[in-house]
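K.L.:
Chains as they are written, first to last, in this note's numbering: chain U, 9 to 256; chain W, 4 to 296; chain A, 7 to 315.
Some hints could be false.
[What the hints assert, rightly or not] What the simulated footprint calls covered on chain W by chain U, stretch by stretch (three residues with Cβ under 8 angstroms from a Cβ of chain U suffice, anywhere in the stretch; the number is not a length):
1) 95-101
2) 197-208
3) 247-258
Source of the hints: derived by calculation from the structure; they are not laboratory data.
We put the CB at the ideal spot given by N, CA and C, even for glycine.
Okay, here's what each chain looks like letter by letter:
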Amino acid sequence: MIDATIVRLTMRQLLGQKRTLLMLGFAMIPVLIALLYRLNGDHRANDPQEWTAQVALGRLVVGLTLPFTALVFGTAALGTEFEDGTAVYLLSKPIPRSTIVMSKLLVAWAATCVVTLIAAIPSGYIGLSGESGGGLVAAFAVAVIAGSLIYCAAFLWLSIATSRALIAGLLYVFIWEGVVVNLFRGVRILSVRQYTLGIAGQLANVSERIFNPRLEGPQALLLGAIVTAVAIFLAFRALKRWEIGEAS
Amino acid sequence: MQQAERSGNIYDLGYRGYDGLRLGRKHAIASLYFYTLRSAFGLGRRPGSKIIPMAIAIIALIPAAGQLAIAALVSDVEVYTPSNYFAYIEVPVALFCAAIAPEICGRDMRQRTLSLYFSRALHRRDYILAKLGAFATALTVLTLFPQAVLVIGNGLASKDLWGYVQDNWAELPRTIVSGLFIAAVVANVSLAIATQTSRRAYATIAVVAWFLVTFPIGGILVEVSHDTGRYALFLSPFEFIHGATLWIFNASPGADTSMDLAGFPQWVYPLVALAYGIVGFAFVVRRFDRISA
Amino acid sequence: MTEPGAPPAIECDHVSRWYGNIVAVNDISFSLRAGITGLLGPNGAGKSTMLHMLAGFLQPSAGAVRVLGQPAWGNPEMYRQVGLVPEREAVYPFLTGYEFVLDSARLHHLPDPEDATLRAIRMVELEDAMGRATGGYSKGMKQRIKIAAALVHEPTVLLLDEPFNGADPRQRLHLMSLLREMAAAGKTIVFSSHILEEVERLAEEVLVIVSGRLAASGDFREIRRLMTDRPHTFTVRASDNRRLAASLVADPSVYGVELQGSELQVRTSEFAAFTMAVAGVARRSGVTIFEMRPTDESLESVFSYLVKR
């Protein structure tokens with residue numbers, strides 16, 4: 009299912025020096041904001057637990073760092089190969105197309121996890137300001153690992169199915185998850201962000217006042233698993249049917 | 004042996020010099036302008052290129068349509084007004100920029116067709132003018148079309164059309180100015196960002212980062228630390244552009260919004276927006292002065 | 007060469023491919039055995055589409071493409087015996103030439119990838135540059151490293167899309183002799199080109215594609231001969247050119263004779279009739295023919311004729 013050569017090749021492709029530095033800088037944003045929060049004694053209306061769960065981890069890490077990182081790595085893992093015309097070297101080998109998809113997904117997932125965890129763990133601990141968090145940070149760490157997989161699988165499929173995967177993914181993250189889900193509660197069952205928050209809520213041992221996701225944990229996990237499986241299946245199928253563009 | 008003689012001949016293959024009317028620079032600029040404007044919406048390109056810009060334009064219309072529906076079905080509630088409309092279309096505007104800005108000059112840069120332009124009547128500055136103008140016009144369609152729909156819809160729905168026109172007459176110039184202003188600022192900056200790289204994916208990500216990554220950061224920093232954090236609003240185009248539109252309409256931000264918390268005088272925002280636009284324009288000009296074509 | 011009983015290496019059975027309502031390849035059938043075949047046609051004729059269907063990267067809209075007896079579409083196992091050199095000069099810019107070929111060898115799960123890599127790089131004579139990143143390679147070097155990567159698993163069938171683009175004359179000659187050696191070793195090689203000279207010098211067989219249709223196939227001299235309705239020109243050298251010319255004009259198969267220095271240009275409309283008649287005409291007029299050869303047997307003339315038709 010996984011090919012070591014493709015994994016190694018994809019790692020070198022995705023983790024070019026410049027891109028890695030930019031993504032790590034991007035991961036620092038929630039950490040820096042948490043630092044500012046902590047250095048500033050004036051904690052306003054919300055207490056550290058509430059702020060960490062809802063703002064630092066909920067809004068910044070799960071709402072921004074996670075989808076954006078997954079979008080970058082998920083669409084680039086195969087998307088750059090199509091754009092540059094190097095995909096033919098992978099596709100003209102006696103390797104099942106499913107292995108190509110799984111190997112690419114593995115790398116994109118791992119890269120997204122690293123960046124997102126670098127954002128999540130320090131910003132969580134800093135935001136809690138020394139108070140006990142009821143396992144908040146660990147819960148979010150596990151949740152973003154799951155969320156990274158769901159997002160990456162979906163974006164990887166998009167990058168095979170369309171040449172405008174990046175824009176399509178942005179529309180999904182910022183219009184669908186950012187706006188539509190807030191307006192119509194029913195569509196939360198089709199939001200990876202809500203799955204991630206639901207899983208975090210299930211694992212964390214905090215009161216509803218501090219963190220109250222819109223989806224129940226088991227529901228979120230089940231929906232996330234279904235979406236991942238469907239995305240991977242669609243990616244297999246799309247890569248099997250993928251055709252080279254007209255020579256330009 | 005026969006001595007080979009050096010010889011050269013020019014054969015008349017029927018090429019002819021063109022001695023008809025030359026339409027000149029103005030026409031060249033106008034052609035490039037209209038071509039770019041059309042292609043921004045995917046017109047004249049394959050069907051796949053139309054989906055994304057058209058979808059975004061439709062999304063930008065939804066708030067206006069929603070307002071009309073509410074007014075018609077429920078009551079006279081005015082949720083979306085010309086002064087706060089930008090807050091409802093900012094995400095589509097950002098995504099439109101992310102999708103289209105890399106295409107405006109990117110295809111010329113990737114396919115190395117710039118030299119073909121610059122070897123014609125067109126100067127480098129003319130090229131920039133045409134491209135920026137077309138992009139800003141496309142954005143104006145996005146900012147003003149929904150408002151036009153709103154005004155016309157409201158007017159037709161009102162019992163007293165003449166009264167409606169009289170009541171809303173004063174808003175019209177402000178609406179147009181705000182729409183043009185938003186389009187101009189956003190066009191300059193996003194084109195400046197997009198032209199720094201010829202890779203479409205990087206350009207898209209960079210434009211999106213400028214709009215959408217800065218937004219939650221700005222809002223959160225204002226809450227977290229008022230004295231230094233409030234300057235973060237100047238990083239977030241959603242904030243300062245919205246602030247600028249409010250200033251144009253002489254309106255104030257609602258209570259407890261980020262802008263309210265920051266407490267800057269309202270006239271600061273148009274200045275910040277203007278500064279962004281000018282810097283953006285300077286970057287575009289610099290980019291094309293240096294590019295080898 | 008494969009023995010005549012063996013199945014053809016490549017088989018196209020009434021293959022068509024259309025994009026929307028544009029037909030790129032229109033009902034083409036052929037079969038190829040070992041040796042070098044040139045896929046010839048003007049730009050946009052459908053060469054690339056055809057080659058991509060052979061390579062399994064495009065699904066035929068109708069008909070079937072079989073390579074070594076297996077379907078080409080949706081069959082990655084086929085690549086164990088097929089090598090592909092794509093037209094785009096894209097490589098992974100961060101890999102060295104050696105790493106690029108080595109990765110190909112590994113993706114083929116070869117038992118000794120390092121050894122196979124060195125052998126393939128040696129074949130394209132790129133040992134000196136194999137330690138450098140391919141991003142800095144010249145066009146010709148990229149082309150050669152792509153060929154090395156396609157040869158690393160010693161495929162039975164090799165498909166090359168415009169392989170001579172960007173190669174300098176010396177590299178071109180080297181590549182041609184490499185392909186000839188492989189063909190002599192019983193491999194099936196198909197390459198596309200819009201340059202007649204390349205096809206003429208290298209290909210034993212040509213497939214001429216014009217506007218998506220197979221305009222001609224086979225040995226190009228043979229194709230030329232088959233087109234009897236097209237005027238042929240012969241260059242003749244004889245003991246008395248002027249006298250021979252006078253006699254030839256009288257023959258109904260000849261419609262034009264021209265004296266050119268020490269040679270005679272004879273134009274005929276009937277290839278077969280003329281070659282039968284010429285010896286008799288010469289004998290009757292007491293002229294000895296020293297030399298007679300067709301003037302325009304080049305692929306160029308075949309091609310321009312086919313394109314014009």
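K.L.:
It remains to establish, for every hint, whether it holds in the given structure.
P.N.:
Here is how each hint holds up against the structure:
no. : hint    : result
1   : 95-101  : holds (count 4)
2   : 197-208 : holds (count 4)
3   : 247-258 : violated (count 0)
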